[in-house]
Amino acid sequence: MFVSSLHTYPVKGCYRLDHDVVAVEPWGFAGDRRWLITDPDHHFVSQREEARLALVRPSLTMDGLVLDAPGMESIEVPHPIGGELAAVTVWKSTFDAALADKSASGWLSDFLGRDLRLFWLDDPTRRASNPAFSEPGDRVSFADGYPVLLASVSSLAQLNDWIAQDFPDDAALLGPLPMTRFRPNVVISGGPAWAEDGFTGRRVRIGGTTFRVPKPCGRCVVTTIDQESAERTRQPLRTLAKYRHLNSDLVFATNLIPDDPQAAAVISLGDPVVLA
Numbered sequence: 000m001f002v003s004s005l006h007t008y009p010v011k012g013c014y015r016l017d018h019d020v021v022a023v024e025p026w027g028f029a030g031d032r033r034w035l036i037t038d039p040d041h042h043f044v045s046q047r048e049e050a051r052l053a054l055v056r057p058s059l060t061m062d063g064l065v066l067d068a069p070g071m072e073s074i075e076v077p078h079p080i081g082g083e084l085a086a087v088t089v090w091k092s093t094f095d096a097a098l099a100d101k102s103a104s105g106w107l108s109d110f111l112g113r114d115l116r117l118f119w120l121d122d123p124t125r126r127a128s129n130p131a132f133s134e135p136g137d138r139v140s141f142a143d144g145y146p147v148l149l150a151s152v153s154s155l156a157q158l159n160d161w162i163a164q165d166f167p168d169d170a171a172l173l174g175p176l177p178m179t180r181f182r183p184n185v186v187i188s189g190g191p192a193w194a195e196d197g198f199t200g201r202r203v204r205i206g207g208t209t210f211r212v213p214k215p216c217g218r219c220v221v222t223t224i225d226q227e228s229a230e231r232t233r234q235p236l237r238t239l240a241k242y243r244h245l246n247s248d249l250v251f252a253t254n255l256i257p258d259d260p261q262a263a264a265v266i267s268l269g270d271p272v273v274l275a
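Start counting the sequence shown at 0; every next residue gets the next number (numbering that gives the first Met the number 0).
Source of the hints: derived by calculation from the structure; they are not laboratory data. All clues given are correct.
Below, in silico cross-link-like pairs of lysine to aspartate or glutamate (EDC-like), each with a Cα-Cα straight-line distance of 16 Å or less:
| id | residue 1 | residue 2 |
| --- | --- | --- |
| 1 | Lys214 | Asp248 |
| 2 | Lys241 | Asp160 |
| 3 | Lys214 | Glu134 |
Per label pair, the in silico range of CB-to-CB distance:
| id | residue 1 | residue 2 | range |
| --- | --- | --- | --- |
| 4 | Ile80 | Ala171 | 45 to 53 Å |
| 5 | Ala29 | Ser73 | 18 to 26 Å |
| 6 | Gly207 | Asp114 | 40 to 48 Å |
| 7 | Gly82 | Asp160 | 48 to 56 Å |
| 8 | Ser247 | Gly197 | 19 to 27 Å |
| 9 | Glu227 | Gly207 | 27 to 35 Å |
Every residue gets a Cβ at the ideal spot worked out from N, C-alpha and C, and that includes glycine.
All chains should be modelled from the sequences, with the hints used to inform the complete structure.
Spelled out as structure tokens, the structure:
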């Protein structure tokens, strides 16, 4: 097995960046989900309730990021270094983050037609991973629960085969679903479908970096959103519910935690993926 694509999502819920090489940090890939959109009460907002976040395209700069979206002028957003801190909530985690410039919050509010805020995680050591599946000292950025998400091309091919077999009308309408629906960080090729199921509870080595594999990833309605158009569909949850309903979750892809949080490392396209 080997790495066939690498991705980060600078703003949680927004469009991806594709990479040839990524740096691995204790809390995930460098630059991944360090920005967060919230409501006025500082609870996170995602594509679950705002599908059009998929149309917001961030790009990273030395000083922060640039946001683009259809019908909007691009806006530069500097890192709010030394700025106002406020408690934000992502699922069951509440921790401090830095409030971005008001112009960025206004830009997002104008695009989505509701009152929003933008935050930057100035100190990524603040948020602990889920203690039920982590070790003391594990940290995660604004990702849902774990630092890195790994998905398999072979598993996606099997899923698309199931859709075509059991839901031919959906398959005719949608065509094969792309991997972008699942918003992974690292995509692997060359192994059998669902090989990643066997990673759970073990360690996997990608290039020169070792990760612990705490649990598979339970999927939500975000997977039904076309990441290019923001249109909602009925797949893949209909098919995952039939074939991949495991331990109360609809499962696709698996979570990873960097095993040596002090080790600086990179992952590149083509790197081998092996059980350590």
